[in-house]
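Place chains G and S with the ligands on chain Y using the hints.
So the chains spell out like this:
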Amino acid sequence: MIDVVIIGAGPAGLGAAVAAAEHGLQVCVVDEFVKPGGRLLGQLHEEPDGKWVNGIEEAQKLYNQAIGLGVDIRCGISVYDLRKLENTWCVYTTDEMIESKCLLLATGASETPIPIPGWTLPGVMSIGAAQVMGNVHRVKPGEKGIIIGVNVLSVAIARELQLCGVHVESILLPQPGLLAGSAGNPEKMMESLLRLSHLAPSPLIRMGGKWVSPKLGARLFPKNGFKMWGIPIQLRKAALEILGDNQVEGVRMAEVSANGEVLPGTEKTVSADFVCIAGGLTPMAELASVAGCSFCYVPELGGHVPLHNEFMQTNLAGLYIAGNITGVESAKVARAQGKVAGLSMARELKALVYGGNEKLYAAVEEVTETRRNALIQFQPGIEEARKELHRKFDETYKQKLVSI
Amino acid sequence: MNSMRVNHHPVLGDLETHKEIKIYFDGQEYTAYEGDTIASALLASGVRTLRFHEDKETPRGIYCNIGHCFECRVKVDGKKTVRACLTSAENHMQIESCKALSASEVKGGTL
Amino acid sequence: MSEKPTIVCRCEEITMEEIQETIEQFHCSSREVKLRTRAGMGSCGGRTCRSVIDRLVEELGGATVSNEVPLSYRPPVRPVSFGVLGGAKE
Ligand SMILES: Cc1cc2nc3c(=O)[nH]c(=O)nc-3n(C[C@H](O)[C@H](O)[C@H](O)COP(=O)(O)OP(=O)(O)OC[C@H]3O[C@@H](n4cnc5c(N)ncnc54)[C@H](O)[C@@H]3O)c2cc1C
Ligand code: FES
Chain Y
1 MIDVVIIGAG PAGLGAAVAA AEHGLQVCVV DEFVKPGGRL LGQLHEEPDG
51 KWVNGIEEAQ KLYNQAIGLG VDIRCGISVY DLRKLENTWC VYTTDEMIES
101 KCLLLATGAS ETPIPIPGWT LPGVMSIGAA QVMGNVHRVK PGEKGIIIGV
151 NVLSVAIARE LQLCGVHVES ILLPQPGLLA GSAGNPEKMM ESLLRLSHLA
201 PSPLIRMGGK WVSPKLGARL FPKNGFKMWG IPIQLRKAAL EILGDNQVEG
251 VRMAEVSANG EVLPGTEKTV SADFVCIAGG LTPMAELASV AGCSFCYVPE
301 LGGHVPLHNE FMQTNLAGLY IAGNITGVES AKVARAQGKV AGLSMARELK
351 ALVYGGNEKL YAAVEEVTET RRNALIQFQP GIEEARKELH RKFDETYKQK
401 LVSI
Chain G
1001 MNSMRVNHHP VLGDLETHKE IKIYFDGQEY TAYEGDTIAS ALLASGVRTL
1051 RFHEDKETPR GIYCNIGHCF ECRVKVDGKK TVRACLTSAE NHMQIESCKA
1101 LSASEVKGGT L
Chain S
2001 MSEKPTIVCR CEEITMEEIQ ETIEQFHCSS REVKLRTRAG MGSCGGRTCR
2051 SVIDRLVEEL GGATVSNEVP LSYRPPVRPV SFGVLGGAKE
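Residue numbers (the numbering used here), protein chains in the order written: chain Y, 1 to 404; chain G, 1001 to 1111; chain S, 2001 to 2090.
Bear in mind the hints are in silico, worked out from the structure with no lab data behind them. Possibly wrong hints are sitting among the right ones.
[Claimed, not checked] Chain S side only, calculated, beta carbon under 7 Å to chain G, not exhaustive:
(1) E2013
(2) T2015
(3) C2044
(4) R2047
(5) T2048
[What the hints assert, rightly or not] Dumping the calculated EDC-like pairs for lysine to aspartate or glutamate here, alpha-carbon to alpha-carbon at most 16 Å:
(6) G:K1075 to G:E1034
(7) Y:K35 to G:E1034
(8) G:K1056 to Y:E169
Here a beta-carbon is modelled for each residue, glycine too, at the ideal position from N, C-alpha and C.
Isolated chain Y (complex conformation):
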C-alpha cells in the first residue's frame, strides 16, 4: 500500500508531495488535467518590482522537485469516488483503484457563473477558460472579447489576454438582478477592485485604495469607465444579453446608475467573437463531501469548505486537505498549505523525525506569513475567518484525533 495519495497536482498537491517525499514517504499524485501544475499553469503576475512571475515555470520547478524525490505523478486521470476501509483509503480513478494510508484532497476551486441570456452560445466561456486557452495552450480564445464581471481575477486575466495579442473591448458588469447578485452591484465591485489597488497602474484605483470609500468610488466612477492597461473597466455599464445565431457575435449593453439600475434609452450592441464570464471562485469540495467530511459555510473563503484545522486535518482520520479546497486564496498560500499537509501526513505516519514538530509549526507560521504578503486577496477577512474555522474544529474534534 502506498503511504500517501494526493488528488490534484496544483501548487497545494505538489507542495505536499515534496514535503511528504522529503520525509521518505511513498507518494502518488493524480490529476485529470493533461499537465501537472493545476491553475498555477495559466498565471502571470507582475510583482511590485516589475518582475513577472510565470506560473508555468513555477509549476515546472515544483514538478521537477517532486519527480527528483521519486514522487509518482499521473496526469489525465480523474478520481470519481472514495471509500474508507478500516485504515485504508480506496481512491477510485478512471485508470485503477489506488489504496493509501493517508489521502490528501487538493482539488482547488471551480468558477462561479453569472447566468446571462445567451450564455450557452459557443464562444462564451469562463474567465479561467480563456486564461488556460491563451497562456497554457497558446491559442487565443478569440480576436475580440468582452468580459462580464468586474473583479480581481477578471482584471488580472484581461491583462494576460492582452499580452496574448487579444483585443479586450471592455470589462463590464452583468445586468443587475437576482441572477447576478452582488456581481451586478457597482459599489460592491468597486470594493473588490480596491483590493487590487497596489497592483493597479491606474491612479484612480491607486488613490481609491487609500482614500475613496467604495460608495463614493462607485458614484464618482466616470460614465465611460477608466482604463487599466488601455482596457476600459466599466462599472456603470451592464451586459444585458449575449447575441449570436450559432456562436457569439456581440453583446447588448446599457448604462446603469450607481446602485445598479439600467438607464432606459442607453442600450447599444457591441460586436465581439468571444465573451468571458467572471463570477468568482468557490472551493471544489465534492470529493470531501463524498468521503463524508463535516462542512462549514464561510463566505470569506468562497463558500462551503470541509471543516479542518491549521494542520490541514479533516474530521476523518487519515484525510487531509490543502489549497483552494480549504478556501480561495492565491497560489503561494496554496503551496504553503500543501507543505503543512505533507508534514502533517508524515507526522501521522511516524516519519517526522528529529525536530519534526518544529518544522510543522514553522510551516503553519509560513502559511500565515504568505497570506499576509499575498498580492491578490480574493475576499476580505480571510485570516479571521480561518481562525474561527480552526477554533470550531478544535472545539468539535480535538480529542478524537491523533494527539499532537
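This is chains G and S with the ligands only, laid out in the frame that chain Y set:
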C-alpha cells in the same frame, strides 16, 4: 491557417516548434500541434461548436476548459463522453460532435 | 429585461422561471429545488450552477444556507463508463 495561435508572447516567449499532426472532426481533417488538447486544436482552427444539446439541440462549445462543466464532451474513436478540454489530440484521432438524441433515446433515459 | 427565460442550469436547460417558481411555491432547500426541477442534476453534477442555485434559494426565501453542503454530492463525481465502474481498465 492557425492564426489563432499565440506564437509570440512578451513574457512567456515564442511558441516552441511543435510536430504537426492530423485530426478528424465530424469527418473533416484539421491540422493540430502535438501537445494540443482536442479543444485547443479545434479552436486554433476556428471551430467553436463541439456538440449540440441532447434535447434542445442548441450548439455548445467549451465553457470552463478545465474539466468541470462537461460542455465540451465529444466522441473519440467511438468512445462517448470524452472531455475535449482534458484530452490530448493524437495523430489520426477520429472525433465526432455529440448530436441531439432522438425522442426515444431521451425518454428511454439512456442519458 | 425579465430574468425569467434566462437559463441557469446549462446541462438541463432549466430557466430562472422554473427555479424561482419552485422556490416560491415550496420554500424549499437547494436539494429539493434540484430534485424538483433537475437543475444541477446534469452531466456536470451541479459544479457549474450549484452556487447560483444556493444563492437564489437564500435570496428568494427558501431554506437559509447551513453548514451542510446543500446539493450533496453522490459518487461518481465524474460520469464514468460501466466498464470503469466494474473495475475494468479502459
Ligand atoms: C480558473 C481559475 C483561474 C485562477 N487564476 C488565478 C490567478 O490568476 N491568480 C491567482 O493567484 N489565483 C488564481 N486562481 C486561484 C487558484 O485556484 C490558486 O492560485 C491555486 O492554483 C490553487 O491551488 P490548488 O493546488 O489548491 O488547486 P489547483 O491549482 O486548482 O489544482 C487542483 C488540481 O486538481 C485537479 N483535480 C480536481 N478534481 C479532480 C478529480 N476529481 N480527479 C483528478 N484531478 C482532479 C485539477 O485538475 C487541478 O489540476 C485561479 C483559479 C481558477 C479556478
Ligand atoms: S469545457 Fe468544461 S469540461 Fe471541458
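Those earlier numbered hints the structure runs against, lowest number first: 2, 6 and 8
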